[in-house]
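Engineer: Take a look at the letters that make up each chain.
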Amino acid sequence: MWKAVKDREAGFLLPSSFATRIRSHRVASLDLSNHKEIVSPHNGAINSLQVDLTEARYLLSGSSDGSAAVYDIQHATDYERGLIAKHKSLFVVDKQHNHGHRYAISTAIWYPVDTGLFITGSFDHYIKVWDTNTTQVVMDFKMPGKVYRTAMSSIATTHMLIAAGSTDVQVRLCDIASGAFTHTLSGHRDGVMSLEWSTSSEWILVTGGCDGAIRFWDIRRAGCFRVLDQSRSQLGRRPPLAESTSKKDTTIIGLLCTTSCEGSVTGQSSSVKSMVSQRRIPLGNEMKQLRAHRKSQNLTRGPVVQRLHPGLSSSHNRATAHYGAVTGLRATGDGMYLLSSGSDSRLRLWDVDSGCNTLVNFEAMRLQPTKALQLAVTQDSSLVFVPCLATVKAYDVRSGMTFRTFRGHYELVNCCCLSSQDQELYTGSNDRQILVWSPASPVIAEVEEDGKGGWDSVADQDNWSD
Amino acid sequence: MGRESEAEAGTRAVARLIEKATNSTAGEVDPRLLKAIKSTVRSSSDEIHAAVDSLMDHMKKQHAQVRFLAVLIVDELFMRSKLFRSVLVVNLDQFLSLSIGFRRDLPLPPPSSIASHLRSKSIELLEKWNASFGIHYRQLRLGFNYLKNTLRYQFPNRLENATRLQQERQEREMRSKQILLDKFENLKDKFSSIQAEIQSTIDEIEECLEILSVKQEEFTPNLSTEDDEVEEFKSLTLQQIRLDSLKEGEKVKEDSDNKVIFDALRESLKLLISKHLSSVQEWISVLVRVDLTDNKFRDNALKEFIDIRNLIHSVRARCGQLGCFLDNPSDLKKDEDDDDLWEEGKIEHYMPATSSVPNSSVGNSADTATSSKGKDVALPDANKSSIGHVLSSTSERSRLLVEAPVVTWGPFLDNWGPNQDVLANHRGLELQAHWGRVDYDAVIPAEKIAELNFHRTVYKEEPVELPPCRAPLKKGGLCQRRDLRVCPFHGPIVARDDEGNPIDQNSQGDRETEKEYPTAATDLRSDSVDAHGTLNLGKEMVEKLGRQAVKNVRERERDMKSMKRAKLAKIREHNEDVLREAAIASTSYSEAFAEHPATSVRNGAEVKVKKPTLASMLKKKITAKDRLAQRLLNSRVTDSASRQLMQGEDSKYREAFPNQW
Chain A
1 MWKAVKDREA GFLLPSSFAT RIRSHRVASL DLSNHKEIVS PHNGAINSLQ
51 VDLTEARYLL SGSSDGSAAV YDIQHATDYE RGLIAKHKSL FVVDKQHNHG
101 HRYAISTAIW YPVDTGLFIT GSFDHYIKVW DTNTTQVVMD FKMPGKVYRT
151 AMSSIATTHM LIAAGSTDVQ VRLCDIASGA FTHTLSGHRD GVMSLEWSTS
201 SEWILVTGGC DGAIRFWDIR RAGCFRVLDQ SRSQLGRRPP LAESTSKKDT
251 TIIGLLCTTS CEGSVTGQSS SVKSMVSQRR IPLGNEMKQL RAHRKSQNLT
301 RGPVVQRLHP GLSSSHNRAT AHYGAVTGLR ATGDGMYLLS SGSDSRLRLW
351 DVDSGCNTLV NFEAMRLQPT KALQLAVTQD SSLVFVPCLA TVKAYDVRSG
401 MTFRTFRGHY ELVNCCCLSS QDQELYTGSN DRQILVWSPA SPVIAEVEED
451 GKGGWDSVAD QDNWSD
Chain B
1 MGRESEAEAG TRAVARLIEK ATNSTAGEVD PRLLKAIKST VRSSSDEIHA
51 AVDSLMDHMK KQHAQVRFLA VLIVDELFMR SKLFRSVLVV NLDQFLSLSI
101 GFRRDLPLPP PSSIASHLRS KSIELLEKWN ASFGIHYRQL RLGFNYLKNT
151 LRYQFPNRLE NATRLQQERQ EREMRSKQIL LDKFENLKDK FSSIQAEIQS
201 TIDEIEECLE ILSVKQEEFT PNLSTEDDEV EEFKSLTLQQ IRLDSLKEGE
251 KVKEDSDNKV IFDALRESLK LLISKHLSSV QEWISVLVRV DLTDNKFRDN
301 ALKEFIDIRN LIHSVRARCG QLGCFLDNPS DLKKDEDDDD LWEEGKIEHY
351 MPATSSVPNS SVGNSADTAT SSKGKDVALP DANKSSIGHV LSSTSERSRL
401 LVEAPVVTWG PFLDNWGPNQ DVLANHRGLE LQAHWGRVDY DAVIPAEKIA
451 ELNFHRTVYK EEPVELPPCR APLKKGGLCQ RRDLRVCPFH GPIVARDDEG
501 NPIDQNSQGD RETEKEYPTA ATDLRSDSVD AHGTLNLGKE MVEKLGRQAV
551 KNVRERERDM KSMKRAKLAK IREHNEDVLR EAAIASTSYS EAFAEHPATS
601 VRNGAEVKVK KPTLASMLKK KITAKDRLAQ RLLNSRVTDS ASRQLMQGED
651 SKYREAFPNQ W
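Protein chains in written order, with full-length UniProt numbering: chain A, 1 to 466; chain B, 1 to 661.
Treat the hints with caution; some may be incorrect.
With a Cα cut of at most 30 Å, we get these calculated BS3-like pairs of lysine-lysine [said to hold, decoys possible]:
hint : chain 1 : residue 1 : chain 2 : residue 2
1    : B       : K148      : A       : K88
2    : B       : K564      : B       : K61
3    : B       : K474      : B       : K621
4    : B       : K619      : A       : K86
5    : B       : K82       : A       : K95
6    : B       : K121      : B       : K621
7    : B       : K652      : B       : K60
8    : B       : K128      : A       : K36
9    : B       : K128      : B       : K148
10   : A       : K86       : B       : K625
11   : A       : K88       : A       : K6
12   : A       : K88       : B       : K190
13   : A       : K86       : B       : K561
14   : A       : K36       : B       : K619
15   : B       : K190      : B       : K270
16   : A       : K36       : B       : K621
17   : B       : K475      : B       : K625
18   : B       : K121      : B       : K20
19   : B       : K20       : B       : K561
20   : B       : K474      : B       : K561
21   : B       : K475      : B       : K270
22   : B       : K620      : B       : K561
23   : B       : K259      : B       : K296
24   : B       : K475      : B       : K621
25   : B       : K460      : B       : K620
26   : A       : K86       : A       : K142
27   : B       : K82       : B       : K38
Hints listed in this document are in silico derivations from the structure and should not be mistaken for laboratory results.
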C-alpha cells in the first residue's frame, strides 16, 4: 500500500487507478464488523436496503412488517462499552403511521437526486413517495397488484419516473412530477420481480419477470426492443476498450454508456435502432469517438443478422433468460454488463451490447426462489455479492469463482447493498438483522488493543490454566 | 518437508485424541484425554485449526452423544484459546444448528434424552460465551440474539440470577444490620433502667434467701445416726438414692410458716429467669453482633451484661440448692440451652450404633425373666454374636458385655440381683391414716418379688434383609426383586456371583436330579441349604419328611399342569398351522410377517449383557407397547379381524334382508 502511495506521489500512478486499487483492496478484506451495528427496529424480514446516492450517508431499509427506517451510517447514535458503535434508526414509518403501508414493504429506494424523498413499494398495491424531513406521504400510486420492485434511474436528468414491477404483467412508470402513470409497458407474461434502469442510458429500462424473460425497454418508444435469450451466447468478452480512447476520455462513464448502446445498435445492424440511438445522443463531441469505436466493434461481432422491429418476431419474443422467475437484476457500474439471478439458482452475466449470455460459470449456489433478491456489484464491477440462502457470496464477475462467503445471518438473506464510498456491505435477512460488513481497519484493532486495560470485562486473550 | 510431515503427524494426533474422547458413553469427557487435547492444541496454531476441523466433523455425526462430548471439548478450548474462538466463530451458525438443532430441517440426532441434554447444555454454554466474549465477537452476539429474541429460546440466565441473588443477600444483610443498630441505640437509652430492674429483682431474691437461711439455722435436723439401721439396702443405687434423700432432708422444707416467703421467692425467681435472663441473653447477642465504629460503650455493656448473667446463674443455683425450682422444667432447660445458643455449631446426629452390639447377645445365664420368645428373636443374630466373641477375647469385661442380656428398661431393674425378701411397708408411704393395724414388718417373699418382676416384652420382628434375586436380565443388570424363596420370574433364589450366574452349580444339579429321585437328593440338599441351622436331628428329620410330602404333592400338580399345558400348546400349534396355511393361500407375503414375531421372541430370550456402546445407545428399546403392537398389528391379525368384520356384516345383511339372500 505504501508503495502505491509513493507511486502516486511520484506520478507513476493515475489518481483513478490509485483509488481503484485502494477500493478493491478494501473490498477484498470485508468482514463482519464487530464495531458497527445497525439496530434494526423491524419486526419482519428486511426486504430492501439502499444507501443514498448523494451523500452515501443514509441507509434506507424496508421490512416485511410494513415499516421502513432510515439510519445514519456515518455517525453512531450511541456506543456500547465505548467500542461498539450502535446506529439506531433516525426515524421509522410503520403501520402506526397514518399513511403507512398495511402490508410488507418489498422495496424502498431513495430519490436519486437528494435525500429529501424516498419511495416505498408494498404488497398492499401502493407505491408511496415520502418526504424524508416531515415523514409524510407526498404522493401515492395505486398499482394493479402487489409491488415487487421499484426503481429510479440514477442518471436521469430529463425525467422523474419510478418504474414499478408488480404481480401484474404490465410494468408501469409513475411520474412524480405529475402523479400519474406515464407508461404501461406490456410484454411479460407473468409478474415482474426485478427492475433495473440502465446505468448508461437514462431511457433504457431492464425488467425481469416471473416468466423467466428479461426485457429491455426504451421508454421513448413502444414495445420492448430486446429479450435476452439464455441459448444465445458468446464465448469470452468483448475486447477491452482501446487504451487510447479510455485514456483520452475523462468522463469514462459517458463513453461507456455510448459505446454500449452504440455497440448494440451496430451489432444488430438494425436501422430503426441505430436511428433511435443516434437521435438520443445530443452531444456532438462524442460522435467522432463513436465512429471510431463502431469500426472496431464491427470487426469482432459475428454476423448476427435478424429483423428487428418494435414488435419482435414471435420466436424471439418467447426467449427466456432463466428457467423460472428472474429474481434479481443488477447492471454493472459501467453499463456494459447485466447480472441476473433466477429461481433456477443461476447467476448469469449478460453482455448488454450484444444481448448474449457470456457463459460465465458462477460456481454452485442455491438461491431463494420465491423472493426478489437485491444483488450488489462493486464500483469497478469486479465482484458481485449475491444472497445465497443464509449466506452472502461474493463472486468474481469475470471468472465466476467464489471469492468469499459471508456467514453471519441465521435465516435467508434477501438483500445486500454496497456503499461505494466507504466500501461497506449491508445485508438484510429474514432474521430481522441488518449486518454491516466492513473492511478490516488497522485503527480499530489498535484501539481495541489499547482499550483492553481499561475494561472490566474479560479481555479477549488466551487463557490457559494448565 | 520434514516440518510438514511433523505437522501432519501432529494434526493426526489431535484428531485421534478427539476421536477417542468423543467415542465414549460417559456423561463427560475423560479428564486425562481432555488434558492431553489441551496440551496438544496449545503447542501450535496448526493444531488449533486441526482441532476445529475435527470437532466440526464430529459435530456432524448423527449421534447426540458424540456431539455432546464434542461440545464439551469445544467449550474447554473456547474458554482458553483466542485463535480457537476466532476460528470457530466464523462457522458459529453451523455449530449452533448442530448443537442446538434450531433448524427444523436439521433436528438433533437420537438418542433423544441425550439430545435434549445436549441442547440445554449448548444453550447454557452459548450464554456463558456471550457473557464473557460477546463484546469481541459479533457472531456470538448475533447467535445469542437470534436464539433469544427470534426463536425465543429460554436461556438459564445464570449471570443475571447470580447478581440478583447477590443483591438480595446484600439487602438482607443491610436490613439486619440496621435492625441491630436500632436495637443497640435502644439499649443505649435503656441500659441503666434494665440494670436497675434486674438488680432489684436479685435483691429481692437475696432477701428471701436470707430469711430462709436464718430459719434453716434454727432447726438443723440430724439424721446421720439412722444410717446404720438401713443396712439391708445393699444395692448401690439404692444407697445413692438414700443419700440423696438424706441431703434433701437437710434442705429447708416448705411449710405453712415459710410458704409466703417461698412464694415470693419463686415469683421473683421466675421473673428473673423467664424475663431478665432471656433479655440479657438477647442483649448480649445483639452486642456481639452489632458492628460499630466506637466500641467503648459496647465493650462496657457487654462486660456488664455478662456479669449480670453470671449473677443470675449463681442466684438460680442457690435457689436450686434450696429446693426452689420453677414448676416448669422445660423452661429451665430452655434457659440452659440459651447459654450456648449463639455459639453456633452443628448439631451432631445421635447415632444409635452402640446399641447393636449388646442387642445381639443371647442371655440365658441368670436371666429368669427373659422368655423363650426372646430366644427365638435372638436366633438370627447367632453369627453376629460369634463375631462378638472373637472381639471379646481381648478383655474380660467386653466379653461379659457381649454375653450380657439386653433388656428393655423397667422398674424391675430396681432390685436386680438381690434374691431377698422385701419389706412391704418401707416405701415412704403415709400409712398413718389407714384404718386397722399396720404391720411394719410385713415382708414380700423373694419368690413373689421375682414373680412380680417377671419381664414381659412385646414380640417385635427383627427386620430381615431379604437378598435380591440377582438373576441376569435381558436388558442388562441383575434382577433386584427381593423374595423370600422364589422369584416369580427367575425361579428359586440361589447364591449368584456378580455376573448373575449361580455360584453353586452342584446344588442346582442336585435339585434337578432331586426331581427324579426325590428321596435320595433331599439329604444332600437340606444339608447344603440348612448348613447353618442349629436345629437338632430329630426335628430335622420331621421337617425333611414334611417338606418331602409337600414336594411330592406339588410335583404331581406340576406334572398335571405341564401335561395340560402341552396339550394346549399342541392344540394351539395345530390351529396356527391351519391359520397360516390359510393366510399363505390368501396372500403370499404375509408369511414373512407371520414368521417375524416368532424370531423376535427367540432373540429376546437370549440373555446378553453387553458393554454399552454408542451404537447400543441408538437402538430403540423394545417396550411392552411395541411388543403388543407387533402382536396386534401384524397382518395375520388384521386380516382375521377384517374377515371377522366382513362376516359380521354379511350376517347382518342376511338378517336385514332375508328375502334377498
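Engineer: The structure should be examined with respect to each hint, and the outcome stated for every one.
Structural biologist: Each hint, compared with the structure:
Distance restraint check for K148/B and K88/A: the Cα-Cα separation of roughly 20 Å lies within the 30 Å cut-off, and the hinted pair is therefore satisfied. Proposed proximity of K564/B and K61/B is contradicted: the alpha carbons are some 55 Å apart, above 30 Å. Restraint check: the Cα-Cα separation between K474/B and K621/B comes to about 11 Å, which is no more than 30 Å; the hinted pair holds. For the hint linking K619/B to K86/A, the alpha-carbon distance of about 51 Å lies beyond 30 Å, and the restraint is violated.
Of the supplied pair hints, the one linking K82/B and K95/A is violated, its CA atoms being roughly 45 Å apart against a limit of 30 Å. Proximity of K121/B to K621/B is assessed by CA-CA distance (about 25 Å); at most 30 Å being required, the pair is judged to hold. Restraint check: the Cα-Cα separation between K652/B and K60/B comes to about 60 Å, which exceeds 30 Å; the hinted pair is violated. Note on K128/B and K36/A: the hinted pairing holds, with a Cα-Cα distance of about 23 Å set against a maximum of 30 Å.
Distance hint between K128/B and K148/B is fulfilled; the C-alpha atoms sit about 14 Å from each other, no more than 30 Å. For the given pair, K86/A sits about 57 Å from K625/B by alpha-carbon distance, which is inconsistent with the 30 Å threshold. This hinted pair does not check out: K88/A and K6/A have alpha carbons roughly 40 Å apart, beyond 30 Å. Restraint check for K88/A and K190/B: the C-alpha separation of about 63 Å exceeds 30 Å, so the hint is violated.
Under the criterion of a C-alpha separation no larger than 30 Å, the hint pairing K86/A with K561/B is inconsistent with the structure, at around 86 Å. In summary, the hint linking K36/A to K619/B is not supported, as the alpha carbons are separated by about 49 Å, beyond the 30 Å threshold. Restraint check: the Cα-Cα separation between K190/B and K270/B comes to about 22 Å, which is no more than 30 Å; the hinted pair holds. Between K36/A and K621/B, the direct Cα distance comes to roughly 52 Å. Violation of the 30 Å bound is thereby established for this hinted pair.
A threshold of 30 Å between alpha carbons decides the hint, and for K475/B with K625/B the separation of about 16 Å falls inside it, so the pair holds. With a C-alpha separation of about 21 Å, the suggested pair K121/B and K20/B falls inside the 30 Å cut-off, and the hint holds. Distance hint between K20/B and K561/B is unfulfilled; the C-alpha atoms sit about 56 Å from each other, more than 30 Å. Taking the CA atoms of K474/B and K561/B, the gap is near 27 Å; set against the 30 Å cutoff, the hint holds.
Straight-line distance between C-alpha atoms of K475/B and K270/B comes to about 71 Å, which puts the hinted pair past the 30 Å bound. Our distance criterion of 30 Å between C-alpha atoms is broken by K620/B and K561/B, whose separation comes to about 37 Å. Proximity of K259/B to K296/B is assessed by CA-CA distance (about 46 Å); at most 30 Å being required, the pair is judged violated. Annotation: proposed proximity of K475/B to K621/B holds, straight-line Cα distance about 9 Å (limit 30 Å).
Between K460/B and K620/B the CA atoms are separated by roughly 49 Å; this puts the pair beyond 30 Å, and the hint is violated. Our distance criterion of 30 Å between C-alpha atoms is broken by K86/A and K142/A, whose separation comes to about 37 Å. Distance restraint check for K82/B and K38/B: the Cα-Cα separation of roughly 13 Å lies within the 30 Å cut-off, and the hinted pair is therefore satisfied.
Comparing the model with each earlier hint shows violations of hints 2, 4, 5, 7, 10, 11, 12, 13, 14, 16, 19, 21, 22, 23, 25, 26; every other hint is respected.
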